[in-house]
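Engineer: Listed below are the residues making up each chain.
There are 2 protein chains.
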Amino acid sequence: MERIVPRTLPGFMELLPSDQILFNKIKNTISSVYEKYGFTPLDTPLIELSSVLLAKAGGETEKQIYRFNKGDNDLSLRFDLTVPLAKYVAKNYNELVFPFKAYQIGKVYRGERTQKGRYREFYQCDIDIIGEDNLSLINDAVIPSVIYEIFKELNFGKFQIHINNRKILNGVLEHLELNDSEILRIIDKFDKISKEKLYEMLNEIKANIADFIIPFIEIDGSNDKILEDLSNLNIDNETYKNGIFELKTVIDYLRDLGIDEEYFKIDLKIARGLDYYTGTVYETKLVGHEDIGSVCSGGRYDNLAEYYIDKKLPGVGMSIGLTRLFSKLKEANLINNIHNSIISALIIPMDNNVKYSYDICRLLRENNVIADVCNMEKGFKQKMNFANRLGIKTVIIIGENEINNNFVSIKNMETGVQEKINKENLIEYFKNN
Amino acid sequence: MERIVPRTLPGFMELLPSDQILFNKIKNTISSVYEKYGFTPLDTPLIELSSVLLAKAGGETEKQIYRFNKGDNDLSLRFDLTVPLAKYVAKNYNELVFPFKAYQIGKVYRGERTQKGRYREFYQCDIDIIGEDNLSLINDAVIPSVIYEIFKELNFGKFQIHINNRKILNGVLEHLELNDSEILRIIDKFDKISKEKLYEMLNEIKANIADFIIPFIEIDGSNDKILEDLSNLNIDNETYKNGIFELKTVIDYLRDLGIDEEYFKIDLKIARGLDYYTGTVYETKLVGHEDIGSVCSGGRYDNLAEYYIDKKLPGVGMSIGLTRLFSKLKEANLINNIHNSIISALIIPMDNNVKYSYDICRLLRENNVIADVCNMEKGFKQKMNFANRLGIKTVIIIGENEINNNFVSIKNMETGVQEKINKENLIEYFKNN
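One line per chain: the protein sequences are W and H, in this order.
All residue numbers for the first sequence refer to our numbering, where the first residue is 22 and numbers rise by one.
All residue numbers for the second sequence refer to our numbering, where the first residue is 22 and numbers rise by one.
Simulated from the structure, these hints should not be mistaken for lab results.
One or more of the hints may lead you astray.
[Unchecked claim] Non-contacting residues of chain H with respect to chain W, defined by C-beta distances greater than 10 Å in every case (computed): (1) K179; (2) E198; (3) L205; (4) D209; (5) I214; (6) M222; (7) A228; (8) I235; (9) I238; (10) N258; (11) I313; (12) P335; (13) G342; (14) N443.
[Said to hold, decoys possible] With a cut-off of at most 25 Å between alpha-carbon atoms, the simulated DSS-like pairs for lysine-lysine come out as follows: (15) H:K286 to H:K213; (16) H:K46 to W:K57; (17) H:K402 to W:K333; (18) H:K404 to W:K333; (19) W:K112 to H:K137; (20) H:K57 to W:K404; (21) H:K402 to H:K444.
Computed from a prediction, not measured in an experiment: that's the story for all the values here.
Yeah, the Cβ is synthetic: ideal placement off N, Cα and C, and Gly gets one too.
Just need the whole structure built from these sequences, with the hints factored in.
Structural biologist: Below, the structure is given as structure tokens:
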């Protein structure tokens, strides 16, 4: 028989069990915190009509789309979760209650050139709060407060949510009599290119503006000091003043929500180049691993679904690019899993005592211990080898002696310690070990 | 501005919040039971090279595939989770530990003609145990024992796992000197077509065989009685006898595993027309709702990955077609959700007391109550209306009086009862309500 090589496409992450367990643990933490904060789950199709999905897209995005025909339909795979959310909200506008708080965790597709750390299929984990006509600024603090709890729980180390407001940057451009979104894209690259190059690129757009813009975005210090410095600058257009007011309000709300001040920081370098954002913008950095880039970004937008519906739907949201984050965390050795199985306790029957072994197993499962019976028709040594290869922590050995005297032999595979435990004390053992 | 109608493709399920919450509850029950039983999570790509995915496919399946080119690659969307599992196991053969117990819950794609209850994008929830060279028959009982626990927990009402063994049917065909898989496909239709039609179809294949086959597959009674009746028939080829031995062994193991006898039943009508299955086969019916058809099916196979690898990998598995199941359960009014939100407790601040409200909210969240603050800049009536439209059960009202005297006013929206609770007793209240 001629066999096909079982390949996986480049740019598609497919994990071995130990990594998949780790990946799911992170994914489950994200979804459970989203839910704890009251965000409703959404699950939109991966395939949409191209006319619907690409209502707004253009340029680079459109080139990367997976697009094809099936029957008479021109279809595309979603390339983010924001467009499907906009479609969903517009389509179900009359059924939804606003402000609408929703989260979605799912795969999206971009046919990028494959290179290290770039994926063609990847998870995004989005939360959004969408208002009708208007949406209180407190939501611009609620969104990062959820992300704060997630990264606290994930415990990868110290992190900081960097916050800015697009109106401040727009106010500066207004002040300089500039109207060029190219400048925002240059500011976004601040940490990636040299200072000389930055001066050059900015001054190319208009002579001498670099001397103003660069010291401006480098303003640093405590959150209060930055806000004070911003107010003291001699810029007095409405856009700029609004931006400072919004930023100050959001910072105050973050304090009201109980977020530890060392976890959020005003950062005037954050521009988020997209036209989409209109107010607060966020990026999140792992302290000491800034080279990973932002692990969770987002911002405030004025109008979620204007391509589909004649209603003003302002919102604010953030997104974790989980697939890329996972690969970067692995690379930086910030996460690791030595277990090839989710099983905590493996029961090894010495003889053919199926019933007794599964009785013990059921007892453990009923008490939330992930347990299983090693039911291979093989010798004891091979069963222990199986447990070892899976990286099981606790092995429960059951022979004739154990059954007759109503106890089990428990071996901690990490310490090598083996002890006899009465069946009645088994659950107690797992509470303590 | 010209707007695009925000449509979703026919055959693609996209749920409103109340249904999505219900759907996810079922999906989470399935995954958590799979994990409790020690099955490792897998997450394979939705897109594969067509040459890899279609190594085995043909006929009807191939016509339904979503297939397209991207760059130089001929790609397809997966149409089930079994082929990706086979590819995964073959590809990672040296890294995996056998028997390999894995589960996968994910979307698959088939471009079927759209009709009621047929989906083009749908979830499958698969569990499989895969051995190397051989796999103990006890696993043919382990798999339905997991499904048993899932449907017990889901609590849709009484259900029965129907079990048969393909060797028994093959033995009967051997006995009748027939070698025609068409007969298995006819048997699969037993409940869907009239008795006359069945006689006609069977006798068309070979004269008078219907008189033997139909009474045979109608053998009924307790599991023990059916096994006895089967043994008493005058058929004595090895295939048939092996089939009875395997079926009896699996039934005995199901009893050893503590499965209540009224939840599983030998059913000689189960043929599972695919060539793929070689031993035990399963279907699951909701008692009183047999018209829904099987809600979870599967069986034993000899060779998972022969198209990819020169290793014998026998296995056994079952799959829940969740999207179709969900739509059928809704249709039959077996499930319902009156809440448009996952929030249990909504805090309504009367004035601008952000900090106190979020303190209460954090306290509840820390104690696993899904809580949120209604932070709309609107009046009390509109906030209560918001709570009503979401179907929130408990509303916590916070005004100046409450803050100054350290209590909250709690209103049960179902009973209309409102009471004052000291902040210290708040968690206690949620434990009892």
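Engineer: Could you check the structure against the hints above and give me the numbers of any it violates, in ascending order?
Structural biologist: Violated: none.
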